[in-house]
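Q: Residues per chain, in single letters:
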Amino acid sequence: MTNKIITLTTDFETRDGYVGAMKGRILSICPKAQIHDLTHDIPPQDLLAAKVALQRSLREFNKPAVHIAVIDPGVGSSRKALAAETEAGFLVGPDNGIFSGVLEEFPPNRIFQLHEEGPCWKKHSSFDGLHLFSPVGAYLAQGGGIEEIGHPLDEWLRLDQEKAQPSPSGWMGKVLGFDRFGNALTNLPGRQAGPGARLKIRDRVLKGVAHFEEAKSLEPAAFLQNSDGMLEICVWQGSALEKLKLQSGDEVMLVEDPEPRISPAATKA
Amino acid sequence: MTNKIITLTTDFETRDGYVGAMKGRILSICPKAQIHDLTHDIPPQDLLAAKVALQRSLREFNKPAVHIAVIDPGVGSSRKALAAETEAGFLVGPDNGIFSGVLEEFPPNRIFQLHEEGPCWKKHSSFDGLHLFSPVGAYLAQGGGIEEIGHPLDEWLRLDQEKAQPSPSGWMGKVLGFDRFGNALTNLPGRQAGPGARLKIRDRVLKGVAHFEEAKSLEPAAFLQNSDGMLEICVWQGSALEKLKLQSGDEVMLVEDPEPRISPAATKA
Amino acid sequence: MTNKIITLTTDFETRDGYVGAMKGRILSICPKAQIHDLTHDIPPQDLLAAKVALQRSLREFNKPAVHIAVIDPGVGSSRKALAAETEAGFLVGPDNGIFSGVLEEFPPNRIFQLHEEGPCWKKHSSFDGLHLFSPVGAYLAQGGGIEEIGHPLDEWLRLDQEKAQPSPSGWMGKVLGFDRFGNALTNLPGRQAGPGARLKIRDRVLKGVAHFEEAKSLEPAAFLQNSDGMLEICVWQGSALEKLKLQSGDEVMLVEDPEPRISPAATKA
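Line by line, the protein sequences give chains P, G and V. Quick note, my numbering runs 9 ahead of the 1-based positions in the first sequence. Quick note, my numbering runs 9 ahead of the 1-based positions in the second sequence. Quick note, my numbering runs 9 ahead of the 1-based positions in the third sequence.
Wrong hints could be hidden among the right ones.
[To be verified] Here are the simulated DSBU-like pairs of lysine-lysine, each with C-alpha atoms no more than 30 Å apart in a straight line:
(1) Lys-41/P x Lys-41/G
(2) Lys-216/G x Lys-132/P
(3) Lys-41/V x Lys-41/P
(4) Lys-72/G x Lys-41/G
(5) Lys-131/V x Lys-216/P
(6) Lys-216/V x Lys-13/P
(7) Lys-225/G x Lys-209/G
(8) Lys-13/P x Lys-225/V
(9) Lys-41/V x Lys-41/G
(10) Lys-209/G x Lys-89/P
(11) Lys-252/G x Lys-254/P
(12) Lys-131/G x Lys-225/V
(13) Lys-172/P x Lys-131/P
(14) Lys-41/G x Lys-225/V
(15) Lys-89/P x Lys-172/P
(16) Lys-132/G x Lys-41/V
(17) Lys-89/P x Lys-132/G
[Said to hold, decoys possible] Coverage of chain V stretches by chain P, computed from C-beta distances (three or more under 8 Å per stretch; other residues unrestricted):
(18) 22-31
(19) 35-41
(20) 70-79
(21) 179-189
(22) 224-237
[To be verified] Some residues of chain P that are not near chain V, with every Cβ distance over 12 Å (derived):
(23) Ala-62
(24) Arg-119
(25) Glu-126
(26) Arg-213
(27) Asp-237
Hints were generated in silico from the structure; no laboratory data involved. Beta carbons are placed, not taken as given, at the ideal position from N, Cα and C, and that holds for glycine.
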């Protein structure tokens, strides 16, 4: 028997009991569900943060896991609800772009707009997480056919983040946000950073490092390629966010070493 | 084989390792337990918040789930410890009112005061969560008989929240608290709100909406019926708590539309 | 079939999706894993806090649970990675002292330095939690032989906390930190506190209590023996941290009752 893996991603936090209610609803339909919390701490209604966290997490999963995500400011309105079958598992949630990163990386085999009512679910005015998405997810985990739960969807909402652009002086990008350590995530792809590259931000010129500890001797900060393949700005045992007083949207530029050394090896920070 | 579902609800947060210890204790007694975190973020020692979150979550569960809850300022004192069998599952925790909402909604088939010591548990001076409630919950999940673990309890502590009252000018109620989005939960039952109802709070008169997005054009806020059937005050993509500078205990009044329109349909916000 | 219990302890919080990625990686290798979050809220890079939380939690577990812990400021550097077999289960994580409390309490049957690359893992420059520790943990949970994954390790890093010391006037110790309630944990062993003992901190002299509720009538605070057997300073329904304006590192002294009463019984606070 395959495990019935269901993951949950919300911006509800847990203290109000809404996540607990979703777990109860899922287990009452699919008692053998293995529920895994991905996070309930997405910043309130932050669709972009949800998109990034979902893509980062879901790419590690396989079919037939079921992924329920509820960051849903449009609940109760005419926004659509979707279910998709991908190689990373089934996706269930609002059609508001939070899944668009996963769907770009794992184009759906099949994708459906959910019926507003089904054998064990019904669209709700304020809590589709409980009344629609949890039961639909549990139904899929139980082996229910995805073609029964809605009608084919041609198009889904995409949430795009600004991409870094080449310019005569280097790659121009932005700070997209900060992780819990205060590392600043940028939209600069790591593959653009040659061995002598420098990252400019707010009149600072930062050197690249291979890992965090190498940033120990670099003032005020450094940059490295993170596990998503993107460049991020880091401070050894500290927060780049606080130390450099950064903000989301700050401009960054990736340039070649402004003071090239004799040997390429010597330019390694 | 039925799944051995155990849920945990505490005000411990997780960082200190106390919740981890409870999980270890449970699994060492009942290795097949499926432990589900409901929340560990109940505000410290906030019995009312625990009562609300437990009722909201547990009503979605069925027997034979076991629900352990430890919000327990009286640990080590003479406060009783209880275990109850209800249609929402077994309840295990201190007799301090946190389960009283669930017990009102699901009157117990059987309810017991726990023995201070049993085959695998013993009352503790500062951490009954580990030494008493976790092992008792694991024992019940293993199929242990509830009648073995204590003696019948006649009465249990009830925690009552003030109820809304009718008055000549409308229903008078209060703000009970705020969810993580800053929505203000009131004790006004949704069924009292006719189609032209208005909610008065701090000299503001708010209109009702069917869902959050409808509040987009309503300044400064609106109200809707939440999934518990109660009225809550909301701000589109914002926090009613912050925008209206509300506090727990603020008075609210539900009144008929002060400026009635010609047709009832037209009064829908 | 034994349950395949895997626990996770990190300082990642959950919102960024890194913990979700670890769960996906584990489940893609060991689909029957029962993953239990111990905590993801260890303060950033706080090795001592991790050591304490791990020891408090893991002592409640048994073999063959697998415990993955990733508080890892040295990721990508030359710090070693380890796997150990103990009576509390397998330990997998960086060799930076976070497991040293558990290893002192449960000396390892076998302990290995992980190979940098294996059948399903590979050391990474910034996220060994995903690329090294999760797959190694999943491999062990699947029943993989620990002797295959590395070479024997003779010595591991120990993180020592200052111990309380006897002095002519009493036991001298320190405040080690605070739990989520604001109770101040000290390094004074509870067994040193006789029935008439007093705890001195910042010109305050505190009495001992048997449980929290007994502290009700004691101004400004009291102390008790916690479930780890250590003394902690508490305030009834409040925070010792805030009320006494304490800090980690504050000196504490355990003394005999400065004003002894006639009978020992009467000295009980």
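Q: Each of the hints needs a verdict: does it hold here or not?
A: Hint by hint, here is what the structure shows:
1. Lys-41/P x Lys-41/G: It holds: about 12 Å lies between the C-alpha atoms, which stays within 30 Å.
2. Lys-216/G x Lys-132/P: Holds - the C-alpha atoms of Lys-132/P and Lys-216/G are around 23 Å apart, at most 30 Å.
3. Lys-41/V x Lys-41/P: holds (12 Å)
4. Lys-72/G x Lys-41/G: The given pair, whose Cα atoms are some 17 Å apart, holds under the 30 Å limit.
5. Lys-131/V x Lys-216/P: Holds, at roughly 26 Å.
6. Lys-216/V x Lys-13/P: violated (53 Å)
7. Lys-225/G x Lys-209/G: At roughly 19 Å apart (the allowed maximum being 30 Å), Lys-209/G and Lys-225/G satisfy the hint.
8. Lys-13/P x Lys-225/V: Roughly 49 Å separates the two Cα atoms, so the pair is violated.
9. Lys-41/V x Lys-41/G: Holds, at roughly 12 Å.
10. Lys-209/G x Lys-89/P: With Cα atoms ~33 Å apart, Lys-209/G and Lys-89/P exceed 30 Å; violated.
11. Lys-252/G x Lys-254/P: holds (27 Å)
12. Lys-131/G x Lys-225/V: Cα-Cα ~24 Å, so holds.
13. Lys-172/P x Lys-131/P: Not satisfied, since the Cα-Cα distance of roughly 38 Å exceeds 30 Å.
14. Lys-41/G x Lys-225/V: violated (41 Å)
15. Lys-89/P x Lys-172/P: holds (27 Å)
16. Lys-132/G x Lys-41/V: Roughly 35 Å between the alpha carbons, so the hint for Lys-132/G and Lys-41/V is violated.
17. Lys-89/P x Lys-132/G: violated (52 Å)
18. 22-31: Per the Cβ count (10), the hint holds.
19. 35-41: Our answer is that it holds, as 4 residues pass the Cβ test (under 8 Å) against chain P, meeting three.
20. 70-79: violated (count 0)
21. 179-189: violated (count 0)
22. 224-237: violated (count 0)
23. Ala-62: violated (3 Å)
24. Arg-119: Given that every Cβ of chain V is farther than 12 Å from that of Arg-119/P, nearest at about 21 Å, it holds.
25. Glu-126: holds (31 Å)
26. Arg-213: Holds: least Cβ distance 21 Å, greater than 12 Å.
27. Asp-237: With a cut-off of 12 Å, Asp-237/P comes too close to chain V, as the shortest Cβ separation is near 9 Å.
The structure does not agree with the numbered hints 6, 8, 10, 13, 14, 16, 17, 20, 21, 22, 23, 27 stated previously, though it agrees with the rest.
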